[in-house]
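**Q** Position chain P against the provided structure of chain U, taking the given hints into account.
Going down the list, the protein sequences come from chains U and P.
All letters in the first sequence, in the order written, are residues 1 to 114 by the working numbering.
All letters in the second sequence, in the order written, are residues 1 to 110 by the working numbering.
Here are the simulated lysine-lysine pairs, BS3-like style, with alpha carbons at most 25 Å apart:
(1) P/Lys9 with P/Lys97
(2) P/Lys9 with P/Lys57
(3) P/Lys97 with U/Lys7
(4) U/Lys65 with P/Lys97
(5) P/Lys97 with P/Lys65
(6) U/Lys65 with U/Lys7
Chain P residues, not near chain U, derived (Cβ > 12 Å throughout):
(7) Phe14
(8) Lys22
(9) Asn24
(10) Ser28
(11) Lys57
(12) Phe59
(13) Asp62
(14) Lys65
(15) Gly66
(16) Gln78
(17) Ser82
(18) Ala83
(19) Ala107
(20) Val108
No wet-lab data here; the hints were simulated from the structure.
The structure presented is a predicted model; accordingly, all values stated were derived computationally and were not measured.
Every residue, glycine too, gets a C-beta built ideally from N, C-alpha and C.
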Amino acid sequence: SAVISQKPSRDICQRGTSLTIQCQVDSQVTMMFWYRQQPGQSLTLIATANQGSEATYESGFVIDKFPISRPNLTFSTLTVSNMSPEDSSIYLCSVDRDATYGYTFGSGTRLTVV
Amino acid sequence: AQRVTQPEKLLSVFKGAPVELKCNYSYSGSPELFWYVQYSRQRLQLLLRHISRESIKGFTADLNKGETSFHLKKPFAQEEDSAMYYCALSGSGATNKLIFGTGTLLAVQP
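Next up, chain U with everything else stripped away, as it sits in the complex:
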């Protein structure tokens, strides 16, 4: 299966600042996905990132708050902008299904906003 390196693994940030999370995949993938997992909650899809096009955002998520870059088929970034304590969550990237292993997930970024 694809191997995903996600960083940073955790960060503590001041409100009003921004954090960029990076996701590197060891093979080329068509689609990459960004999820949020709020404390005690399930995973919620933020957006789907295709190389060479604008990301597709789910209801409740907007590009100004969560800008995404996808410069090539192995890399993507998610920025959490103008952070507030409500943005404290785990953010995960995922790549589209492998015929054998299904969707693969990064180890997550645990963000705390103070």
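**A** Chain P in isolation, oriented as in the chain U frame:
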């Protein structure tokens, strides 16, 4: 609309007891169903997918299209099965996004 429902937030069983984690879904086409597991301090990993029809770590799950269910079962629970289990659904279209249920925490008591 796509939706995955896991009615139980917590399921506590004793070691050696049978386990059934419930999952129901709503989808208008032909979905692909998955079970993911997250052990303490580990990343989310695939446990089962319905198209492979495999048994992993003693767990099985059968897709019942009539009841729109994909329940996860194991005849004899082990303490190492204690983890968070998520049922998830993906559509068959071009947008292969994965939608998760709310998860069930399985606690296997000694």
